[in-house]
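Listed below are the residues making up each chain.
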Amino acid sequence: MSAEETAREDPLLQALEGTAAVEEAPPRGPVRQLRIPMDELATSTRRLIDVGGHFAGVFRSESEDSLRALLALRGELIVLRTPLDGARSYPSLSRVTPAARLPERELHDVSGVVPLDHPQLDPALRPSADELERVVTGPETFVLPYGPIRSGVFEAIQFPIDTGGEDILAFTVRPYFKRRNLEARFQGLDFDHGTYLAERIAGTESVAQAIAFAQAVERVAGIEAPRLAQRWRVVHAELERIANHLDVGIKLAEDAALSVGVARLGVLKEQVMRLRARLCGNRFGRGVLMPGGVRREPLLSSAEVIQAIDSFEDDLRRDRSLLLATASFTDRLIGSGRLDAETVMRYGGVGPIARACSLGIDARLERPYGSYGRLGFRIARTTGGDAMARFEVRLEEIDQSVHVIRQALERLDGDMAALRIAITDASGEGCGWAEAPNGEVIYWIAIEDGRLREVHIVSPSLRNWPLLSESYRGDVLTDVSFIEHSFGLTPAGADR
Amino acid sequence: MLKWLFRGLRHGVVTTRYPARPEPAPPGFRGRIAVLGPGDAPQSLGDLCPTGAIQVEGGRVSVDRGLCVLCGACVANAPERFGFEAEYETAVRRRSSLVVGERLATALEGLRPTLGDRSRTLRRSIHIRHVDAGSDGAEEWEIQALTNPYYDMQRLGLFFTPTPRHADLLLVTGGVTNSMREPLLRAYEVMPEPKAVVAVGTDACSGGFSATTGEVVGGVDQVLPVDVYVPGSPPAPIAILHGLLLAAGVVTEEAAA
Amino acid sequence: MSVVLAVGYASLAAAVLAAVVSPRAAVYVTAAACGLVGAVGIASAAGYTHASFSIASWLGFGQTMLVSDGLAGIFLAATGVVGAAVSLALAQRSPTRLVGALHALILLAICAVIGSDQAFVFLLAWETITLSLYLLGSADRDRPDALVAGYFAGGVSKLGGGALLAAFGLLYAKTGSFEFAVWAHQAPNLGSVRDAAFFLFVVGFGSKLGLIPFQGPLPPLYAAAPGPSAATISLTFFAAFYGLWRLVFAILGAPPLWWGELLVAVGGVTALVGILYAVTEEEIKRFLGFSSVEHAGIATIGFGVALVGEAAHLPRLAAAGLLAATLQVLMHGVAKALALVAADRVQTATGQAEMRPLGGLGPRLPLTATGFGLAVVSLAALPPFGGFVSEWLMFMALLQAFRVNDTIAELVLALGGAALALTAGVALLAFAKLYGGIFLGHARERLGRRHMPTRLAPGFVALALIALVLGPIAPWEIRWLGHGLGGLLGSDVIAQAVTWPLVLGPVYHGFSVMSPTWLAAGLTTFALAAFVLVRALARPAVRRAPVWVSGTAVPVATVQYRPEAYSNPIRVVLSGLYRFKRTVEVREENGKEIRVARTRVVPVFEDYFYRPIAAGSVLIAGRLRRLQSGSLGMYLLYILAVLLAALALIPALGH
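Listed in order, the protein sequences are those of chains U, X and S. If you count by this note's numbering, then the first sequence holds residues 1 to 496, one letter each, in order. If you count by this note's numbering, then the second sequence holds residues 1 to 257, one letter each, in order. If you count by this note's numbering, then the third sequence holds residues 1 to 655, one letter each, in order.
Because the hints were derived from the structure by calculation, they are not lab data. All values derive from a computational prediction rather than experimental measurement. There's no promise every hint is true.
Restraint-style ranges between C-beta atoms, simulated for each label pair [as the list claims (entries may be wrong)]:
no.: 1; chain 1: S; residue 1: H509; chain 2: X; residue 2: L2; range: 37 to 43 Å
no.: 2; chain 1: X; residue 1: R21; chain 2: U; residue 2: L299; range: 23 to 29 Å
no.: 3; chain 1: X; residue 1: E80; chain 2: U; residue 2: G29; range: 38 to 44 Å
no.: 4; chain 1: S; residue 1: W500; chain 2: U; residue 2: P139; range: 54 to 60 Å
no.: 5; chain 1: S; residue 1: V503; chain 2: X; residue 2: F6; range: 53 to 59 Å
no.: 6; chain 1: X; residue 1: F6; chain 2: U; residue 2: R95; range: 56 to 62 Å
no.: 7; chain 1: S; residue 1: L382; chain 2: U; residue 2: A325; range: 27 to 33 Å
no.: 8; chain 1: U; residue 1: R35; chain 2: S; residue 2: E588; range: 34 to 40 Å
no.: 9; chain 1: U; residue 1: R95; chain 2: X; residue 2: T15; range: 39 to 45 Å
no.: 10; chain 1: U; residue 1: G428; chain 2: S; residue 2: V596; range: 36 to 42 Å
Just a few of them, taken from the derived set where beta-carbon distance is under 7 Å, the chain X residues facing chain S [claimed, not checked]:
no.: 11; residue: K3
no.: 12; residue: T161
no.: 13; residue: R181
no.: 14; residue: P183
no.: 15; residue: E189
no.: 16; residue: V190
List time: in silico EDC-like cross-link candidates among lysine to aspartate or glutamate, alpha-carbon distance up to 16 Å [unchecked claim]:
no.: 17; chain 1: S; residue 1: K174; chain 2: S; residue 2: D195
no.: 18; chain 1: X; residue 1: K3; chain 2: U; residue 2: D319
no.: 19; chain 1: S; residue 1: K581; chain 2: U; residue 2: D319
no.: 20; chain 1: S; residue 1: K581; chain 2: U; residue 2: D315
no.: 21; chain 1: S; residue 1: K158; chain 2: S; residue 2: D195
no.: 22; chain 1: X; residue 1: K3; chain 2: U; residue 2: E166
Every residue gets a Cβ at the ideal spot worked out from N, C-alpha and C, and that includes glycine.
Using the sequences and the hints, build the whole thing.
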């Protein structure tokens, strides 16, 4: 086939026909990088969104002085590279997709490069708790500053709520209160230390972050982790998913003042956390992953894990049917914080939030990584789009995770002996991703002589925050905690 | 509701008896780092640690558990010198007690009296306000776990309260980011006397990984007087409980390991 | 005593004239006169005396007396005592000549309504009240809404006055006399005229009380009345309730069941509508106006229970209902006058009629805050205050529904109880909003320094003290009321509501008990004990820390709940009733997106009831004007036609 014919059959190049897009370097697996001139960046982004692309993020890469926009497509992750060549501004992508608003503010704060025509370019990264702006004016309205220290054991974030009393007129999300600038901390670390740091970006999704990081390194190095390691990665990742979804259940039951439900789900979650601790010595699965495989033999045999999973599944089944039959619980979730698929697509929402709007967005199936391509499971999807639908998606995913863990452990056979392969040398840029419990996390890394030069993280929290604002449609103040907890997002992920 | 009641009763008691009886950590649990081997240590040993917790002075090795994120890089690369201890009771009342190993003993810093010593009436009912000053989110999970039936901290008279104005004890996680510094100070200010501060997690003890990024002041004790340090990344629920009881004066500190 | 009563009335009349010379002195004279009348009222209700004096023969209507018997004594006592205190409060605010004269005139007219023994004086005094209210409502010529309020009140009152005139005309046609005694004597033989008269009385008095659908004019009237004279307006309740007690219960008597059922139903709906409008009201005096509507509804429920008791030949039920209703009238009268005087003090100090910009006034106006607080706890029926005693007795009276052997009556009483319970619940929210919005929290807007109300406020303090003790001394009040109402119910029935030791119950023994006296004593003791304990045990060091606002340092005033936000959930839940809708309008200004919240509330009654009636009246008036062609012949023709019709009608009614 000639190059022209290839282009004709390639849907990506078809979508970008007529632009000056040039594919750079041969694609590394499902990652493709295109060079786009600055004046065509916005149009190209729009075209890719039109063909079903999910805007994931935009950042400035220092060493090459260029912009990188990430777009997730089914089967492919597209990196659009736009050379800045000293330019201090570019046409904003926020007019193309609202999903770019927060990433572009971040980009502006970090690098000083101005996204022209951005709707709101206030400094975002060092928020002051005291600067409360009323979004909605009117004689009868006022704003409640919910956060950054909120009632309960919650992470720091501020949700200014414009209200006239009970009814919510606007719900604003102000992240970055706990931004630790950890992306910069990667600079100069080796892969080993880099993994440790990746595990500590967002504690509740440590494993997913580590997998995404490790796979980015592996992709740059051009290797794949051994199958046994992949299997154990799956086990840890799915245990993490189960723990996260149970945590959402606990918080929702607590909001509904269902104390026995809280206790029961608390017992289940603690069992999972203890299983994780017995499996690797850390309750969050930290210290397991490394680029090239996993670090150590698991402390439990696969039979022991399966046994634990069996008894967990049995317990969960009873609690779950009781929970879903408790009207005082379900009534608070049904209809609360409803989103529609169109809005989720517009904002590039991911994870259970998107899947609750019947969107089949799941990195494990869209762009299978590790063992997921060889394991059988289905995407949990519902149609409601409300808090109940999100909770149902999570319950269904727990079932799927249990199913996946069993498959991963049952098919371990003798020839899968190697836990890791060494990465001798690597240089270049690459992407890795993983479906964290609350949506896809993407790592873009640049490596120079075995050390990290630059790391950028696209976190599911940041991608979903705007949707939290959007989900308030006639909801009242007492729905706030239900809606927030049904999203299940960790501020640490966005405030990296 | 009756169904829930039976569901709750069915499982019997899972609650730990800690601190009346010790709660052992599972084998292989990464509770804290211990310095094992004596003898001449090369200076390069310090590079093993991503957060700079390992100090080598004149061949003598010490580890600052307040900086250690329990990643295990040192254990993996120098197993003869470092090892994990499956230990839950890691909380201490002095920052300097977190530095272990072959370091020369330094003068002990002054020790604030525990809440129990400052007010006899506070011993049996302590209200806790948690503030996240820049954690990675894992500490919150472990703190929240204290209310689940396994730990059930209410049985020890420990309660969370939504407002610091009712709190006796401030439980701080994270290395204190620039944005959270003022809110944290405000929370401490509005607490009534006597009050205590417990720093939960390595980030809260020293800033951990984020200590050098410039966005974090590097430990709660840079901002507030800290009564108890609970190192760990994150510390296990029992470790946090130990720290709370230590601050309350219900348990006393074991001899530094 | 009769001399004292005569002097009291004469002084009131003199005060009206004196106002032309010195309004302030006139108001003081009014206060003294009210004191005299009140004293006579207290004595005659207690049965010590029966005062009366003749005011000569009026235009041939026969001997006309002003009488203070037991029933009149109760209402004269209330009018006198509260009127005196309100007069003192008014005197301090340097009233204008018009306001001073109207104040005295209204009090004179109220006392004349209560004292009159025949219909002509009654009607004359009643119409005087109507006219004075109209003038008082529109006294403040600078405010266009005041004029509207005056017209509105005047219009509705005219309707009520017309109803009374019609009722009196009917009764005169039947009995040939204007004297109440004659009517009472002949009442059993009146037949269907009695029912018609009852209905007309309810319309007539209900129009002043704000019974549904007449609840409209009262709130704007309160708001438009200058200074504390809104409190004067609130006193007209005594006259209107007296009218119901006297003309319906004492004179018409022997009611069929449906009278009571109608009143319980009307009262229940009125109470509920009143408080539901009050809770969303932002203007203090309008709020209090709707609260008055609510209380009128509650008292009407009690009166309805009394009528049901009479109809069902259950004298104890009648006593329980009438006792509760009378107490309600008294308690509300005192508390509402206090609240209105306090509201005027707030308005004087801040220049604000609305709650919205207020807040945190407690430390700045401690006396006003205390007095207002006392009024609010009584109006919200919190134990052990007066409003609680009367509402508790009201509930107990309604709970006796099972004794009535009639399904419909039982059902109506049960529904009345439900309406009352809901009203009481919403009232708690409403008054918490009112008091909290004005006195608690932080000021929402910077209010310039205004004239601060004087601390030396004998009228205000007197009202506050009365409001304070009315609940705890309820057992003695009930004994006193027992004497006063003895003529209506039999002398010993009401006394059974009080048992030893100072315990209250519905007139039926062993049903339930409650003692405001012991409650007050107990609560005071506990409060004192707590205070002493705290002082004894607590360390003296007090450290003031800023208010906790989620870790932010934003000013509390900007984030604290607003009064309208406090009641907003009710508006949202009952958006059908309020026709409440809030929309957020998005528009671009200077390239920035601006979002403005628009609130839309349709005043249902105004739009769907009063306005069509007003439009209809204007239309009819327009049509009628064509008849006035200006030709003398035509006018003579009209007069002739009316005369013929009247001549035909009177014999027809007479048989």
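Verification of the supplied hints:
A hinted range of 37 to 43 Å for the beta carbons of H509 of chain S and L2 of chain X is consistent with their spacing of about 41 Å. Separation of R21 of chain X from L299 of chain U is about 24 Å and conforms to the stated range, judged on CB atoms against 23 to 29 Å. Remark: the range hint 38 to 44 Å for E80 of chain X to G29 of chain U is upheld by a beta-carbon distance near 40 Å. In this structure the hint that W500 of chain S and P139 of chain U lie 54 to 60 Å apart at CB holds, the actual value being about 57 Å.
Restraint check, V503 of chain S to F6 of chain X: a C-beta distance of roughly 45 Å breaks the suggested window 53 to 59 Å. Between F6 of chain X and R95 of chain U the beta carbon distance is about 58 Å. The supplied range of 56 to 62 Å therefore holds. Taking 27 to 33 Å as the suggested C-beta distance range, the pair L382 of chain S and A325 of chain U does not conform, at roughly 41 Å. Checked against the hint of 34 to 40 Å, the C-beta distance between R35 of chain U and E588 of chain S comes to roughly 36 Å, which is consistent with it.
With their beta carbons about 56 Å apart, R95 of chain U and T15 of chain X fall outside the hinted range of 39 to 45 Å. For G428 of chain U paired with V596 of chain S, a C-beta distance near 53 Å fails the hint of 36 to 42 Å. For the restraint placing K3 of chain X at the interface with chain S, the shortest Cβ-Cβ distance is roughly 31 Å, beyond the 7 Å limit, so the hint is violated. Because the closest C-beta pair between T161 of chain X and chain S is about 11 Å apart, greater than 7 Å, the hint is violated.
The restraint placing R181 of chain X at the interface with chain S is violated, with a minimum CB-CB distance near 11 Å, outside the 7 Å limit. The criterion of a C-beta within 7 Å of any C-beta in chain S is met by P183 of chain X, whose closest approach is roughly 3 Å, and the hint holds. A cut of 7 Å between beta carbons decides the hint on E189 of chain X: the least distance to chain S is about 6 Å, and the hint holds. Look at V190 of chain X: its Cβ gets to within about 4 Å of chain S, closer than 7 Å, so that hint holds up.
Note on K174 of chain S and D195 of chain S: the hinted pairing holds, with a Cα-Cα distance of about 13 Å set against a maximum of 16 Å. Our distance criterion of 16 Å between C-alpha atoms is met by K3 of chain X and D319 of chain U, whose separation comes to about 10 Å. A threshold of 16 Å between alpha carbons decides the hint, and for K581 of chain S with D319 of chain U the separation of about 41 Å lies outside it, so the pair is violated. About 47 Å separates the Cα atoms of K581 of chain S and D315 of chain U, which puts this hinted pair outside 16 Å; it is violated.
Proposed proximity of K158 of chain S and D195 of chain S is contradicted: the alpha carbons are some 22 Å apart, above 16 Å. A distance of roughly 33 Å separates the Cα atoms of K3 of chain X and E166 of chain U; the hinted pair therefore is violated under the 16 Å criterion.
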